[in-house]
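Participant: Assemble the whole structure, with the sequences as input and the hints as a guide.
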Amino acid sequence: MALSQNEVLAGLAEIVNEETGIDTESVKMEKSFTNDLDIDSISMMTIVVNAEEKFSVKIPDEEVKNLLTVGDAVNFITSAQG
Amino acid sequence: MSQPKLNQYETTKYSRIYSLGATRGDLVVTNDDIAGPIDSSDEWIRQRTGIITRRRAGKDQSLMDMAVVASNEAIKRAGIDPQEIGAVIFSTISHPYQTPSAASLLADKIGANPAPAFDISAACAGYCYGIAQADALVRSGVAKYVLVVGGEKLSDFIDPTDRSISFLLADGAGAAIVGPSDTPGIAPTVWGSDGSHWDSVSMTASLLDFRDGEAAWPTLRQDGMKVFKWAVWEMVKVAKEALLVAGVKAEDLSALVTHQANIRIIDELVKQLQLPENVVVARDIINTGNTSAASIPLAMDQILKDGVVKPGGLALQIGFGAGLAFAAQVVVLP
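Chains as they are written, first to last, in this note's numbering: chain A, 1 to 82; chain B, 1 to 334.
Rather than coming from a laboratory, the hints here were simulated on the basis of the structure.
Owing to the predicted nature of the structure, the values given are computational and were not obtained by experimental measurement.
Please note: incorrect hints may appear among the correct ones.
[Claimed, not checked] No more than 27 angstroms apart at the CA atoms, straight line, and that leaves these computed lysine-lysine pairs for DSSO-like:
| # | chain 1 | residue 1 | chain 2 | residue 2 |
| --- | --- | --- | --- | --- |
| 1 | A | LYS54 | B | LYS240 |
| 2 | B | LYS271 | A | LYS54 |
| 3 | B | LYS226 | B | LYS271 |
| 4 | B | LYS226 | A | LYS65 |
| 5 | B | LYS226 | A | LYS31 |
| 6 | B | LYS59 | A | LYS58 |
Facilitator: Quick look at the structure:
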């Protein structure tokens, strides 16, 4: 069953926390991965792969550069769940 | 009259790595030395790559010079006569001649002439490709001893302004002598390639483009994120397969010796493999940089020199890079 936007956000926050140590509470929809959360490109790729596994979705490499904010990622994953 | 029965090689059941030899570029190049043209800093480079210094060869130190030093060291440690070497395999992407091979010149310089000698081009997987071939040559009886060399002078093929790969790259040569053994010393190799990602790590142009004035001197480039993803999540599968076909478990290993591409790849591989803490993880990249085909023998030699692993222990070695080519095998440490 497809997860809601809030459930995806919570799951993504856990992944971000595990990779970077950033508090899950800080992972909010409007936050920019690079500018606000200071996540570099290598960590971003790790987060993407873990998200693919956790949510059973495919995030193409060329799509990753469009995921600027947490909200971008949550929306992509939510709609990719079908 | 019946046809005479042909002779074929007498096979040998097992092979092993007898010894290693290693040499690095004479120059110690710091992050501050190279940060300017890529508008970067020591901190940024350390955080993203783990590299503190890289070793590069100056103008007077050639790829062949380094290969000779490493090979002579391996031959001496193996205690064999160079004339007993039945094949010389040189894995490199930076030999500056299309032909003749680097291997035939090396064979002559180390006293192995007239051993068959050839180069292989499998980039960062090249040393493990070489060990796979040496294992096959020894066990099939084609050669008693095989010299495998992974050597690079990558600094001849870098662009100081490139932020994708040049700042990682370094120079060195590692060598191994493979020969017959009473006990298994080289487990089956899991190897392959994926040419659908041929351009993920490649040159900026061909030599023909350069000749025709259509491109500058070709240098190395990579799509770092794509390669990172492949090098971790695809190579985890290859590493697990190598353990499976070897008949061992991760906890049986003394060491993991990956291609020294980037500390972040190594750390993520360790995490994904769920390696027990007692397995030594080679992190030679910190002081050597990324030497492509040379990185695995250099890193293995270093942990043996440091005394953190002992000869006779098991090591999983895994190379991966341009091609995209990969190879992994469990070996007994020499």
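Participant: Within 27 angstroms, alpha carbon to alpha carbon, are LYS54/A and LYS240/B?
Facilitator: holds, 21 angstroms
Participant: Next pair to validate is LYS226/B with LYS271/B; report whether the Cα-Cα distance is within 27 angstroms.
Facilitator: At roughly 19 angstroms apart (the allowed maximum being 27 angstroms), LYS271/B and LYS226/B satisfy the hint.
Participant: CA of LYS226/B to CA of LYS31/A, is that 27 angstroms or under?
Facilitator: Holds: LYS226/B and LYS31/A sit about 24 angstroms apart, inside 27 angstroms.
Participant: CA of LYS226/B to CA of LYS65/A, is that 27 angstroms or under?
Facilitator: holds, 12 angstroms
Participant: Starting from LYS59/B, check that the Cα of LYS58/A is at most 27 angstroms away, please.
Facilitator: violated, 48 angstroms
Participant: Would you mind confirming whether the straight-line C-alpha gap from LYS271/B to LYS54/A stays at or under 27 angstroms?
Facilitator: Between LYS271/B and LYS54/A the Cα gap is close to 17 angstroms, so the pair holds against 27 angstroms.
In the structure shown, a violation is registered for the earlier hint numbered 6 alone.
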